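A.B. asks: Spelled out from the first residue to the last, the chains are:
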Amino acid sequence: METQSEEQAVAKPADSGGEGGRPQVAGAPAVRPEDRMTLLLRLRAQTKQQLLEYKSMVDANEEKTPEQIMQEKQIEAKIEELENEVEEAKIAFEMKKLALDRMQLSTALKKHLEKIDIKTSVLVDNMKQILNLNKLIMKSQQETWDLEEKLLDVRKKRLQLKQASERKLLEIQTEKNKQKDDLDSMGNSNKIKTIQQNLETEIQITTVIQHVFQNLILGSKVNWAEDPALKETVLQLEKNLTMI
Amino acid sequence: MSALRPLDKLPGLNAATILLVGTEDALLQQLADSMLKEDCTSELNVHLARALPLPCSVNRPRIDLIVFVVNLHSKHSLQNVEESLCHLDAAFFLGKVTFLATGAGRDSHCSVHRNTVVKLAHTYRSPLLFCDLEVEDFRASMAQRLVRLLQICAGHVPGVSALNLLSLLRGSENPSLEDL
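Residue numbers (full-length UniProt numbering), protein chains in the order written: chain G, 1 to 244; chain X, 1 to 180.
It should be emphasised that the hints constitute simulated quantities derived from the structure, not laboratory data. All of these numbers come straight from a predicted model, not from anything done at the bench. Just so it is clear, CB atoms sit at the ideal spot from N, CA and C, and this is done for glycine as well. Take the hints with a grain of salt, since some may be wrong.
Sample of chain X residues at the chain G side, in silico, Cβ under 7 Å [what the hints assert, rightly or not]:
| hint | residue |
| --- | --- |
| 1 | 7 |
| 2 | 26 |
| 3 | 30 |
| 4 | 105 |
| 5 | 167 |
Construct the entire structure; sequences and hints are all you get.
C.D. replies: Now the structure itself:
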């Protein structure tokens with residue numbers, strides 16, 4: 001086993017003299033204790049973090065892990081569940097931190113405001129400016145909303161008018177179609193045919209009578225051009241009845 | 001020959017140790033050199049190993065981060081890593097293990113599919129990093145990333161722990177894992 005795995009160690013004695021410390025060695029001696037302070041503070045923070053990690057591991061190990069052998073899918077599901085719990089804990093923590101920060105900020109602000117002279121403070125000026133701007137914003141938003149409402153109303157009316165005109169046009173069309181149908185049906189009905197035939201016979205009879213009268217008058221060798229009444233009668237007899 | 005445990009030793013003051021495990025010695029050495037060149041306020045120790053378990057005769061400091069380097073060009077490296085994973089204590093997988101896949105740039109040479117490594121990382125719930133360790137610039141940026149990870153895992157960054165970082169890293173990975 002030992003021949004299989006080999007290990008090499010490569011180490012670097014890093015700049016433990018402080019963050020980016022080397023170039024500052026040549027500087028003033030006042031810089032050195034500063035470096036040492038930051039180093040100590042940094043080490044303190046590190047050690048705290050490491051202690052926290054160890055403590056949390058100890059707490060975690062106190063929990064009993066389930067010993068039964070589970071299916072792989074169940075294990076996956078369990079793992080995801082636990083991961084979600086971790087996420088939720090993180091989120092809850094962040095929320096609480098945020099709320100705490102806000103409370104701290106507001107108390108600090110309150111104390112600051114109590115101390116200073118209200119009339120000359122830049123902070124109060126800023127706050128007043130912010131309030132004014134907010135009022136303007138709200139007003140403009142309200143105006144925008146109103147305009148949008150109007151636009152919506154106009155559009156609705158337009159739509160209604162469009163629909164009404166559509167209906168009217170439809171009605172007109174149906175009426176026209178009905179008329180056309182009536183006309184066509186009339187043209188094909190039998191009544192019309194018989195009436196037409198009667199008309200034709202009557203026209204023929206009248207034409208025959210016309211010719212008979214014409215021949216009567218011509219045959220009597222009367223000068224019909226002299227008498228206006230007779231002239232009118234003759235001219236009337238010339239009328240071709242089929243053209244009417 | 002016992003399993004490696006994450007917290008069985010006390011940490012050294014201002015020291016952070018990383019263990020790189022992989023079959024490609026040259027790549028690991030280069031990566032170690034890039035990491036040591038990085039500007040870091042803590043003392044860095046880089047240990048290289050071909051496979052776990054490590055011989056217990058050597059006196060070594062507490063290991064803060066283990067990076068398993070898988071070369072996508074060779075199936076042997078993947079097998080090696082899989083075998084080594086058995087020798088780790090389960091507590092390590094709470095953020096102190098990372099997988100690094102190299103060689104993804106040259107797709108024609110890849111004998112291990114990318115998805116295999118992704119699934120492996122998903123099974124062990126650890127972050128997976130991709131890097132072409134043969135290119136100088138990528139190696140340098142990856143070294144920088146690893147140094148930051150190492151600092152967090154060693155507890156040198158107040159307010160962030162390895163587990164915290166794990167859940168932070170997980171957030172960006174999830175969408176792609178849904179496709180698997």
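A.B. asks: With reference to the structure, classify each hint as holding or not holding.
C.D. replies: Going down the list of hints, with the structure as the test:
no., hint, in the structure
1, 7, "6 Å, holds"
2, 26, "13 Å, violated"
3, 30, "12 Å, violated"
4, 105, "26 Å, violated"
5, 167, "6 Å, holds"
Hint violations for this structure: numbers 2, 3, 4, all remaining hints satisfied.
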